[in-house]
Every structure is written in structure tokens, then in C-alpha cells.
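S.K.: These are the residues of each chain, in order.
There are 2 protein chains.
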Amino acid sequence: MKSDIEISRDAKLMPVTELADQLGLQTEHVEPYGHYKAKISLAAGKDLAHKPDGRMVLVTATTPTPFGEGKTVNTIGITMGLNKIGRNAISCIRQPSMGPVFGIKGGAAGGGYAQVVPMEDFNLHLTGDIHAITSAHNLGSAALDTRVFHEEREGYEAFEQRTGLKALRIDPARIVWRRVVDHNDRALRQITVGQKTCGASTNENGIPRPEGFDITVASELMAILALATSLQDMRARFGKVIMAYNHDGEPVTAEDLQVAGAMAAIMKEAIKPTLMQNLEGGACFVHAGPFANIAHGNSSIVADQLALKLADYVVTEAGFGSDMGLEKYCNIKVRAGGKSPDVVALVCSLRGLKSHSGDFQVVAGRKLDRGMIDPNLPALEKGISNLRFHINNVKKYGLPCVVAINRFPEDTLDELGWLLEKAKELGADGAAISEGFAHGGEGCMAVANEIERVCNAQKPYFQYLYNCEDTITTKLNDLVVKGYGGSKVVISEQAKAQIAELEAKGYDHLPVCMAKTQLSISHDPNLKGEPTGFEVPVREVRLSAGAGFVYALCGSVMTMPGLGSLPGYMQIDIDEDGNIINLS
Amino acid sequence: MKSDIEISRDAKLMPVTELADQLGLQTEHVEPYGHYKAKISLAAGKDLAHKPDGRMVLVTATTPTPFGEGKTVNTIGITMGLNKIGRNAISCIRQPSMGPVFGIKGGAAGGGYAQVVPMEDFNLHLTGDIHAITSAHNLGSAALDTRVFHEEREGYEAFEQRTGLKALRIDPARIVWRRVVDHNDRALRQITVGQKTCGASTNENGIPRPEGFDITVASELMAILALATSLQDMRARFGKVIMAYNHDGEPVTAEDLQVAGAMAAIMKEAIKPTLMQNLEGGACFVHAGPFANIAHGNSSIVADQLALKLADYVVTEAGFGSDMGLEKYCNIKVRAGGKSPDVVALVCSLRGLKSHSGDFQVVAGRKLDRGMIDPNLPALEKGISNLRFHINNVKKYGLPCVVAINRFPEDTLDELGWLLEKAKELGADGAAISEGFAHGGEGCMAVANEIERVCNAQKPYFQYLYNCEDTITTKLNDLVVKGYGGSKVVISEQAKAQIAELEAKGYDHLPVCMAKTQLSISHDPNLKGEPTGFEVPVREVRLSAGAGFVYALCGSVMTMPGLGSLPGYMQIDIDEDGNIINLS
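Line by line, the protein sequences give chains A and B. Counting from 1, one number per residue, gives the positions in the first sequence under UniProt numbering. Counting from 1, one number per residue, gives the positions in the second sequence under UniProt numbering.
What the hints contain is simulated information worked out from the structure, not anything from laboratory work. Certain hints may be false.
Stated by the list, open to error - Just some of the chain A residues that point at chain B, by a computed CB distance under 8 angstroms:
#1 I85
#2 N88
#3 H131
#4 S135
#5 N138
#6 A143
#7 H150
#8 E152
#9 V181
#10 D185
#11 G261
#12 E269
#13 V334
#14 P460
#15 Y569
#16 I572
Even for Gly, the Cβ is constructed at its ideal location relative to N, Cα and C.
Produce the complete structure using the sequences and hints provided.
M.R.: Put into C-alpha cells, the structure is as follows:
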């Protein structure tokens with residue numbers, strides 16, 4: 001089989017203007033970026049307001065190995081499968097960070113014959129939204145450090161008299177807005193800024209203080225982009241972003257720094273979703289890509305809204321397993337204005353479930369154990385508990401569940417048949433084998449048919465997992481007990497104090513976002529299958545006031561990845577014809 | 001008169017596809033970015049190779065005040081004026097950094113009725129080239145720090161055995177590749193990276209070392225983008241970029257780090273110039289924007305090449321006064337493959353020349369002294385020496401010189417008439433009053449006519465100022481004595497050692513790029529008019545091996561600006577209709 005980039009390059013693409021035309025978008029709302037990408041103006045949605053919404057298919061997965069279960073392949077594949085059976089379907093997916101593209105993971109455009117194309121454009125720059133976030137975020141940082149510098153150097157009173165501004169009296173020790181860069185760059189995790197230039201007599205560079213960079217997709221602005229329902233809503237949310245606290249412990253926001261408007265100006269184009277196509281000419285909106293731990297891990301509400309007006313089915317992907325992305329979709333994105341799902345496609349694989357036997361070590365960058373690839377019913381039987389959890393988890397939200405078994409070349413029909421039966425036995429409303437990677441839309445027709453059958457047969461009775469009006473502690477405990485099947489949440493002294501402060505400041509009625517590992521249903525990556533009885537420790541609680549949620553850290557969450565000693569970029573180059581080679 | 005952004009927004013724009021069509025570009029070579037910007041494939045130039053080149057008009061200026069003399073207004077205005085008199089003309093200008101846009105200077109799209117539109121697009125993001133540079137540059141930094149980290153932690157031998165790579169043995173104390181960000185952010189000037197995460201037992205973040213960020217336009221990659229003649233040439237130059245030295249003092253390049261290919265992949269689209277339009281529907285290529293002190297301050301060779309095939313006249317702008325941008329255009333850009341100018345338009349103003357009397361203090365952000373605005377012949381007579389220098393300077397390169405007097409509303413006909421006469425007396429081949437700001441193309445017809453008259457009458461006999469085969473010291477001395485009219489160059493002990501090292505490594509036959517103030521012909525901003533007898537101190541000499549020049553620092557050059565206490569971003573916002581307000 002050809003490589004992903006070869007398949008992508010060999011594809012015969014339709015001009016994006018033609019694709020937009022087919023969708024019924026008006027020319028004035030379509031802003032091409034090159035021949036195969038276009039930003040779609042949010043005004044297009046207003047023109048379509050009278051049309052009914054299509055059905056929302058949420059693609060989630062069992063607890064993934066570090067290689068992923070193939071959610072993007074299935075999101076694209078199911079869309080193509082729905083198209084094949086004569087339905088109008090559009091995918092809505094996240095834009096990947098360039099960090100992993102040059103690190104170890106490679107691109108995120110799906111794979112094989114279920115890809116978004118051109119994959120080079122998808123994986124690099126796209127239409128510049130992540131660059132806009134980097135720029136808007138770091139303008140906030142520059143504004144913050146500048147204000148501290150001028151106020152501290154001059155003295156608050158003199159500063160106020162000269163500038164006519166009110167002194168913000170920012171406590172340099174309580175700056176919470178780290179800078180961002182869209183690379184894997186461990187050297188920037190922990191730094192000191194504002195140091196004196198070597199040889200200078202005075203320090204004109206600010207107040208030296210500890211600082212660090214996160215990868216851009218971890219920026220709160222990314223979470224806001226994904227949750228905002230309009231440009232004006234995004235602007236308002238930027239204003240609420242807390243960047244620091246003053247000497248009285250009061251929050252200092254981007255609005256206080258008078259930088260929220262400029263940040264919104266920088267992101268005026270980024271709020272428009274990008275239209276691309278899959279290998280079979282179907283439409284795909286690519287928009288926003290927040291982390292699925294410290295943020296909610298789902299693509300944007302505005303792209304969904306647009307797609308729902310244009311299609312019978314919108315197929316969207318939620319990051320990691322159903323305990324992560326799906327949970328956050330339901331409890332955070334729906335609350336912010338996202339459409340509740342009509343059906344869930346739960347992606348799993350034989351090898352993935354075998355890993356939940358606990359018999360194997362799976363490490364990114366190393367080859368899989370043959371025991372996961374070859375027939376191994378005992379391992380499958382041991383690991384099936386993980387599927388059971390995720391089927392039940394989908395049901396908790398009142399949603400119909402179709403299991404999509406992502407087939408790999410070595411998979412045997414025996415084991416696939418066993419798993420199909422087992423899925424139904426465990427309560428799935430439908431199940432089918434999915435072969436999008438090898439066969440594109442045709443390989444996903446069975447799943448598409450199951451999705452339609454289940455949608456016609458069952459109405460969802462969507463419900464949230466927890467009540468937003470409850471205390472933060474209650475909500476966290478609900479998440480652990482009702483959400484993960486653990487025994488209880490254990491909140492550290494530090495986190496207790498933080499919760500008390502949040503409640504005192506009126507931030508207690510926000511949804512909670514658990515930042516835990518994606519490699520287990522619990523907080524502990526070593527607990528495979530369907531662990532029970534575990535207590536989830538919450539070490540720290542932080543606020544994303546602009547995005548509108550409180551997030552709880554269960555352990556240390558890596559917001560700035562590093563690069564290995566043989567990173568992906570070493571192979572990437574351009575050939576004589578100017579084509580990119582070895583991007584995967 | 002309306003504000004710049006109001007004029008820009010009220011303009012009736014032509015779709016960029018129509019503009020490209022009018023220029024004779026084939027659809028396949030035009031990649032629209034929205035409705036009013038398009039990247040033009042370099043392949044377009046190959047299709048036009050049989051066509052003769054148009055004439056190259058280089059726009060320079062007298063020694064500017066911090067407010068600038070109106071070079072961009074005149075570059076756009078002259079292009080519109082040439083169009084008005086029936087000639088086919090295209091502007092080639094630089095893309096501005098977003099730093100100054102949010103700082104104090106505002107945008108750089110020209111002004112009044114001589115603007116490139118839409119000015120919001122021009123000033124923010126454009127087609128993402130600067131973002132691509134930031135990303136490619138910082139990938140290089142991440143690659144560098146990662147390599148140091150892995151080699152140092154593991155030991156060179158163990159590293160080689162495990163990875164199969166040759167250890168680069170980088171000296172952490174001799175890393176010369178600073179990171180970049182496209183903001184004015186003084187807190188990042190001097191920092192420490194690779195510090196241990198608070199609370200961690202070991203340092204997983206690298207080797208702590210001093211580091212700093214420059215503004216992106218100061219990146220060597222920006223200079224390379226402007227000087228490369230093709231994608232392949234850019235790729236090759238990236239490979240030569242020196243990022244550090246090893247423990248033997250040998251250079252470690254981006255090629256050694258195996259990151260140059262990925263950097264080129266990131267900048268594969270950035271090498272394509274962006275086509276925009278002026279307020280009268282004429283074409284403008286916007287591409288690259290290197291600093292005019294540590295780099296050569298001119299827009300790209302590839303944009304010029306394309307424009308020369310499409311137009312009778314290409315009007316391009318060189319940064320700062322003729323001692324800076326024009327000198328570097330002639331000695332660096334022409335040597336790298338740029339076309340030598342056919343004629344020079346030397347922009348000056350009454351107020352600018354009055355400032356060269358030395359009687360006034362001009363400070364950015366403060367109002368001009370009335371003595372410069374109101375009639376003041378004595379000041380004008382004192383300051384005229386600066387014009388004399390620049391006319392003679394243009395002549396040194398064998399180029400015809402047309403003086404364009406940029407008229408301001410308060411300027412009197414008496415003084416303008418006096419200056420017109422004086423310009424001719426001082427040796428200008430032509431002179432005219434330019435009113436592009438107030439009247440667009442019509443206001444620049446007189447200058448356009450003078451340019452054509454002079455071009456028809458005089459053939460340039462272009463010559464370089466210095467011989468590239470000479471030693472670095474000789475070239476620097478030539479620049480000071482023949483170029484600036486100073487008495488000699490004075491090279492510090494440090495710079496002498498650096499020159500010796502460059503010569504030993506074979507980098508002595510490159511052009512030299514003087515990084516000095518733009519506010520005086522000399523190195524001292526206080527020396528107004530036409531100073532003589534001054535000695536130019538060279539403190540330090542550095543190498544841009546990829547861009548292909550050696551640059552000499554006369555003093556401290558600011559490669560990372562700061563923000564004042566009332567920066568421009570405080571006023572910028574979006575209005576109810578989603579338009580950007582208060583961008584200037």
C-alpha cells in the first residue's frame with residue numbers, strides 16, 4: 001500500500017470553490033486559501049438559519065494506546081461511507097499542532113484511503129489559525145510584562161499621573177499567563193524572562209521572573225476558539241481571560257490590560273472554519289484543536305453549526321477515549337452551545353482491546369508486541385472490559401452507541417466476528433467492521449448503515465453527567481464516581497484552597513474539566529481494562545475564565561512536549577519539484 | 001480627510017483573481033487567500049521567461065526622522081502615477097512586522113490615497129509568511145537545544161551508538177541562533193532557558209543557558225527569503241545557516257542538525273510573493289521584510305523578478321535613507337541576483353530637511369516642532385546638505401536620480417519651489433512635487449513623468465561601491481569613506497578577532513552589511529545634515545552564512561523593540577459588524 005503522503009499527492013482534487021458550490025454556499029462567503037482550502041464566513045450560517053439541523057454523529061473510542069485507535073480515520077471514513085450510501089455528510093475535525101508533526105506522532109489528517117487532503121496543507125499552517133493564536137496569546141504576554149515593567153519602574157502614582165491609566169498593581173509572583181509556541185520545545189518549559197542585557201548598566205528588559213512556554217494548542221485562546229459561538233462571543237471571552245492577580249489577590253484580565261480587542265483583531269479570520277475535502281471529494285471542516293486534558297478536546301462549535309445546516313449528518317471527533325473527549329463534549333461543549341449528539345460511533349480495535357489485558361507494554365516510537373497483532377483470544381477476552389466501560393459510558397449520556405471495529409491487515413475474521421457479537425452483548429445498539437484505512441468510503445458503508453439504522457430507530461434522551469450548579473467538589477466527585485467508575489475524588493490541601501478561592505470569587509458554577517491521563521479510564525496509566533475502586537487525586541485546580549471552565553490536574557500534565565533524539569523533522573525535506581517528502 | 005483605515009475600508013476593491021487576470025497571469029499560478037490577496041506561484045515566472053524585463057525604479061529617501069519621509073506612500077503613489085500616464089507599473093514592497101503595528105508606529109501600507117488595500121490584511125498576517133518564518137526559525141532552535149540535551153545527557157559516544165548519528169559536540173556557550181517572536185516584547189530580550197521544573201528532582205528540560213528572542217523580521221531566514229532566487233536556492237541557504245559552534249570552534253549548521261529540510265517545508269508557501277492592489281486598482285507584490293540594519297532592508301528578489309516580467313516599470317522601496325537601503329540594495333541584493341535599478345526616486349520633504357538643520361528634537365510619539373512645519377527658509381537652507389549627500393550618493397552607483405518632494409498640507413509653494421530648484425542645482429536629473437497622500441495617482445503624475453523622461457534620456461552605468469574580493473576591513477572602510485563620507489572605520493579588538501576568524505574560515509569574500517543608525521548618515525544619530533570627518537566604530541562583526549553577508553555592528557542594535565506605556569493595541573478592537581477599528 002502507498003504511504004499517506006503518496007496517496008494524498010496522487011489524489012485528484014476538486015477546486016475548493018467547486019466543493020463549496022456543491023454544498024450550496026454562496027461565493028461571497030467562501031474565501032479560498034490556495035486552490036484546496038477555503039475559510040467560510042460565519043455569515044453563511046445566518047443565511048441558512050431557516051434550514052433544520054442535520055444529525056450529529058460523535059466519534060469516540062475505547063481507551064487508546066499511544067498509537068491511537070483510528071478515530072480520525074473513522075471520522076473521515078464514516079463521512080465517506082455515509083456519502084456512499086447516498087447521504088449528505090460533512091466531517092468536523094480539529095486542526096493539528098505542528099509540534100507532533102515534526103516530533104514523533106506525524107500528521108493527523110487520518111490515514112490510508114480515509115484522509116483529508118492535501119495532507120501537507122492540513123498538517124502545516126492550514127489557514128494560519130494556530131499562528132493567529134500564538135500571536136494573540138503572546139501579544140497578551142507582552143502587554144502584561146510591559147505593564148508590570150512600566151508600573152514598577154515608575155511607581156504606581158507617577159504611572160497613573162503620566163499615563164492617565166489606573167495602575168493595575170500586578171503581583172509579578174502571580175502571573176498565570178505563560179507564553180506559547182507551536183513546537184515541541186522542552187528548553188522553553190521553565191525559563192526566566194526580563195533579565196538584564198549582558199553589559200548593560202540598568203535592566204531595561206523588565207522584572208526578572210520565572211516563566212515558561214506551553215505548546216500553542218494548550219492556550220486558553222484555543223479552547224475559546226473552539227467554544228465561542230460568534231466573533232463577538234470570542235471577543236467577550238478574551239476579555240475575561242485571567243492573566244495575573246494583583247497585590248490584593250484580585251484577577252487581572254485581558255480587558256484590564258486593554259489588549260483583548262487587539263487579540264480579537266488578530267483572530268478575526270481565525271474564527272472562520274476552514275473547508276477542505278476528503279479523498280472521495282466529501283467536505284470536511286477543520287477548525288480549532290484544544291488539548292483534551294487541560295481543555296475539552298473538541299473542534300469548534302461554529303464549524304459544527306455551519307455543517308449542521310449544510311448536511312444530513314455531521315461527523316465529529318472527540319479527543320482520546322469516551323471518558324475524555326466525549327465526556328467533555330457533553331458536559332462542556334454542549335453547555336457552551338454545541339449540539340448534543342444524535343448517535344455515538346465508538347471506535348475500537350482488536351489490538352487496542354488486547355492491550356487492555358495488561359499483558360503488554362506499548363511505547364510510542366517502538367514496535368507493537370506480536371501478542372497484540374496476532375490472534376490472541378485470551379488477551380482479547382481480558383481486555384474486553386474496556387469496551388464494556390465505554391459502551392456503558394456512552395449510555396450514561398442517554399446516547400445510542402454504534403461500535404466501529406477499526407480493522408487492521410492482520411486481524412482475523414474469527415476474532416472480528418467474536419468482537420462484533422460481544423459488542424452487541426455488552427449493550428451496543430449497533431456494531432460493524434470499519435475498513436476506511438484500506439478501502440475508504442466503501443470500507444465504511446457497513447458502519448454508515450448501522451449509524452443510520454440506529455438513528456432512525458432510537459431517539460437520544462441526552463443528559464449531562466453532573467449538575468453545574470453543584471459545588472466544584474461535588475462535580476469533581478460526580479465525574480470520578482459516575483463518570484469513571486472510581487470510588488471517590490481526593491482533593492489536595494492546595495486544591496481545596498484554590499476551590500475555596502474560586503467559590504469566593506463566584507466561579508463555582510462552571511463545568512469542570514479533568515486533566516488526567518488518556519491511557520486509562522482512571523488517573524493512573526497503568527490501570528488497564530475497566531478499573532474500579534480507584535481514588536482520583538486532584539492536585540491542583542485552575543480556572544479558564546474566558547473558556548468558561550475550571551480544570552483539575554490529577555498529576556503533572558505535560559503542556560510542552562519535548563523532542564526525541566531522532567525526531568520526524570530529520571527526514572522531512574523538499575524534492576526537486578518542490579514537493580514535501582517524508583511527512584507522515 | 002478620512003483616516004487611513006476609513007479610506008481603505010471605503011475603497012471599492014477588485015477581486016484579486018480579476019487583477020491577476022489583467023496582469024496576464026494564468027489561473028493555475030494564482031492562489032487566492034481570501035478575495036483580495038493571492039500568492040503567485042514562482043512557476044509563473046518560468047512561463048514568462050521569454051519576455052523582456054521592465055524598468056526598475058528604486059525608491060529611497062533622505063535621512064529620515066523617526067516619522068519616516070513617506071517612502072511607501074511614494075512607492076505606491078509613483079506606481080499609480082505611472083499607471084495614470086498610461087504605463088504598466090507594479091509596486092514591490094515589504095511585508096511589515098506585526099510588532100510595530102501594535103506598538104507605536106502603526107501599519108506600513110502607505111497612507112491617505114496612496115495605500116495598499118485592504119490595509120488590515122496587509123498589516124496583520126497577510127498570507128502568513130512571517131508566521132512561517134517564526135515557525136521555521138524556532139524549529140531550528142528546538143532542534144538545536146534538543147540535540148545539545150540528548151548528547152550532553154547521554155555522552156557523545158553512547159549517543160552515537162544508540163542513534164547512529166554523529167555527535168555534533170555543540171558548545172552550549174557558543175549558540176548563536178536566538179529564538180524569534182513577531183512582537184515588541186522586551187521581557188524576552190535576555191532570558192535563561194532549559195531550567196529545571198520547580199519541584200522536579202532532575203532537570204528534564206535541557207541545559208540551562210542564556211538565550212533571547214529577536215523580533216521575527218530580524219531572523220536570518222527573513223533575509224534569506226528576500227535574497228533567494230528560487231525554492232531550491234532558499235533550501236540550500238537554510239542548510240548553510242550557522243546555529244552554533246562546536247567545542248573545536250567549527251560551525252554547526254542547520255544542515256548538520258538535519259533540520260534545514262523541514263524548515264524549507266515550513267516555508268514552501270512563503271517563497272511565493274503575495275499579490276495585492278493599491279487604491280486605484282494597480283498591482284502590488286508584498287514579499288519579505290528584512291531589517292535594514294543587520295540585514296539588507298529590501299523586498300524579495302523573486303517578487304521583483306515576477307513583476308519585471310509583468311510590467312513596464314517596477315517600483316520598489318529600499319529601507320531608510322539611501323546610505324542604508326539603497327546601498328544594501330546595490331551591494332547585496334544586486335549581487336545575489338536582483339536587477340540593478342534603472343532610476344532612483346529620492347523622497348524628501350520640507351519638514352524632514354528642516355530637521356537636518358539640527359535645530360529641532362524629533363521624538364517618536366511626540367508632536368513635531370512648529371519650526372519644522374511652518375515656513376522656515378533658514379532651517380531648510382541649513383538642512384539642504386542632507387539632500388546634497390543623498391543625490392551624490394545615488395550618483396556613486398551610476399544611477400539617474402529623480403527627487404520626489406513629498407508634500408504636506410502646511411507646505412508653502414514658495415518653499416516647495418525653492419526646493420525644486422535646489423534639487424536640480426545639486427545635481428538631480430529630475431525633480432517634482434509628489435502629492436500621493438492627498439491625491440493618489442493624480443498627485444504623482446508629475447513625478448511619474450519625470451521618471452520616464454529621465455529613463456528615456458539617461459542610461460544607468462551601474463557600479464558597486466566596493467569590490468567583494470577585498471578583505472572585510474577594506475570593504476568596511478570603503479563603505480565608511482566612499483559610502484558615508486566619513487574619514488575611516490575603527491575596528492574594535494573584538495571585531496578584529498572576529499574578522500580574522502571569518503577570513504580563516506573562508507567567509508571573507510561576502511558583501512558587508514553595516515548595522516548603523518538610520519537617523520544619520522554617520523553612526524551617530526545626533527550628526528544631522530551631511531556630517532564629515534567622522535570615524536565609524538565597528539564594535540562587532542557577525543556572519544549570516546545562509547543569507548550570504550557579513551554584518552558589522554556600530555553600536556548596540558535593537559533586535560527586539562519594547563512597548564511603551566500607551567501602546568497602539570490599547571485602541572484596537574473589533575466593532576459590532578466585525579470590522580477592525582483604530583488600526584492605523
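S.K.: Look at each hint and say if it fits the structure.
M.R.: Quick rundown of the hints versus the structure:
{"no.": "1", "hint": "I85", "verdict": "34 angstroms, violated"}
{"no.": "2", "hint": "N88", "verdict": "27 angstroms, violated"}
{"no.": "3", "hint": "H131", "verdict": "4 angstroms, holds"}
{"no.": "4", "hint": "S135", "verdict": "7 angstroms, holds"}
{"no.": "5", "hint": "N138", "verdict": "6 angstroms, holds"}
{"no.": "6", "hint": "A143", "verdict": "7 angstroms, holds"}
{"no.": "7", "hint": "H150", "verdict": "4 angstroms, holds"}
{"no.": "8", "hint": "E152", "verdict": "12 angstroms, violated"}
{"no.": "9", "hint": "V181", "verdict": "6 angstroms, holds"}
{"no.": "10", "hint": "D185", "verdict": "4 angstroms, holds"}
{"no.": "11", "hint": "G261", "verdict": "3 angstroms, holds"}
{"no.": "12", "hint": "E269", "verdict": "7 angstroms, holds"}
{"no.": "13", "hint": "V334", "verdict": "26 angstroms, violated"}
{"no.": "14", "hint": "P460", "verdict": "34 angstroms, violated"}
{"no.": "15", "hint": "Y569", "verdict": "4 angstroms, holds"}
{"no.": "16", "hint": "I572", "verdict": "4 angstroms, holds"}
The structure fails to meet hints 1, 2, 8, 13, 14 from the earlier list, while all remaining hints are met.
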